[in-house]
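Participant: Given next are the chains, with one letter for each unit.
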Amino acid sequence: GQQVMQIPQYQHVQEGEDFTTYCNSSTTLSNIQWYKQRPGGHPVFLIQLVKSGEVKKQKRLTFQFGEAKKNSSLHITATQTTDVGTYFCAGRGGYQKVTFGIGTKLQVIP
Amino acid sequence: DVKVTQSSRYLVKRTGEKVFLECVQDMDHENMFWYRQDPGLGLRLIYFSYDVKMKEKGDIPEGYSVSREKKERFSLILESASTNQTSMYLCASSLEQRNQPQHFGDGTRLSIL
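These protein sequence lines are chains A and B, in that order. So for the first sequence, the working numbering puts the first residue at 5; every next one is plus one. So for the second sequence, the working numbering puts the first residue at 876; every next one is plus one.
These aren't lab readings, by the way, just hints derived from the structure by calculation. C-beta: ideal position from N, C-alpha, C; glycine also. Careful: at least some of the hints might be erroneous.
Covered stretches of chain A (in silico footprint by chain B; criterion: 3 or more residues with CB under 8 Å from a CB of chain B, positions within the stretch not fixed) [stated by the list, open to error]: (1) 48 to 59; (2) 102 to 113.
Okay, the calculated beta carbon distance ranges per label pair [claimed, not checked]: (3) Met963/B <-> Pro12/A: 29 to 37 Å; (4) Gly45/A <-> Glu954/B: 42 to 50 Å; (5) Thr32/A <-> Asp934/B: 14 to 22 Å.
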């Protein structure tokens with residue numbers, strides 16, 4: 005079945021440093037979604053990428069979808085303490101079924 | 876704004892009990908999902924439903940069943956709870972169209988003693 009691998013599992017950064025998390029799928033995806041889960045909270049949808057090679061930005065966050073539609077990344081520039089949380093990618097292969105990566109837990113040290 | 880409500884935030888049950896976790900959404904979404912979240916394992920799909928009375932197995936359906944009698948309600952049932960089912964359970968819903976995001980409830984932290 006479809007597998008979505010996400011690395012790293014944990015990342016500690018100093019406030020102001022950059023951060024990147026990567027997702028790789030075993031199969032070609034029709035789209036990939038990114039979610040953020042704050043400590044004690046539930047996952048909240050951030051963005052969706054659909055096109056091969058697509059790049060989208062949300063303020064300090066940059067999302068990329070690979071040319072082969074099998075990998076994706078989320079990059080945060082100049083992290084802030086409000087960026088703390090776990091970031092999940094979720095890849096859609098078959099009809100309606102989405103497979104989540106295990107998430108990257110980001111800790112920002114003030 | 877979409878509201879997905881899970882009936883309990885915390886729940887403690889005993890081994891062998893039949894456990895019901897309830898989820899209600901208020902946005903007329905066709906799709907509903909049940910996940911469990913465990914440290915180091917991320918979100919794993921247990922079951923999902925794309926219509927009333929329809930259900931599909933996810934990646935880890937063993938030991939669970941579901942019920943969707945009404946569009947807004949999706950129930951997860953642990954037929955005979957075991958300690959390895961201690962986990963955080965998250966319900967989500969989405970519109971039917973392919974590229975729609977999932978909206979999550981706050982989760983139920985279930986402990987099986």
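Participant: Each hint needs a verdict: does it hold in this structure or not?
Facilitator: Hint by hint, here is what the structure shows:
1. 48 to 59: With 4 residues closer than 8 Å to chain B, the stretch 48 to 59 of chain A meets the three-residue bar; holds.
2. 102 to 113: holds (count 6)
3. Met963/B <-> Pro12/A: 29 to 37 Å: violated, 22 Å
4. Gly45/A <-> Glu954/B: 42 to 50 Å: Once the Cβ atoms are compared, 30 Å apart, the range 42 to 50 Å for Glu954/B and Gly45/A is violated.
5. Thr32/A <-> Asp934/B: 14 to 22 Å: Since Thr32/A and Asp934/B have Cβ atoms about 19 Å apart, the given range 14 to 22 Å holds.
In this structure, the earlier hints numbered 3, 4 are contradicted, and the remaining ones agree with it.
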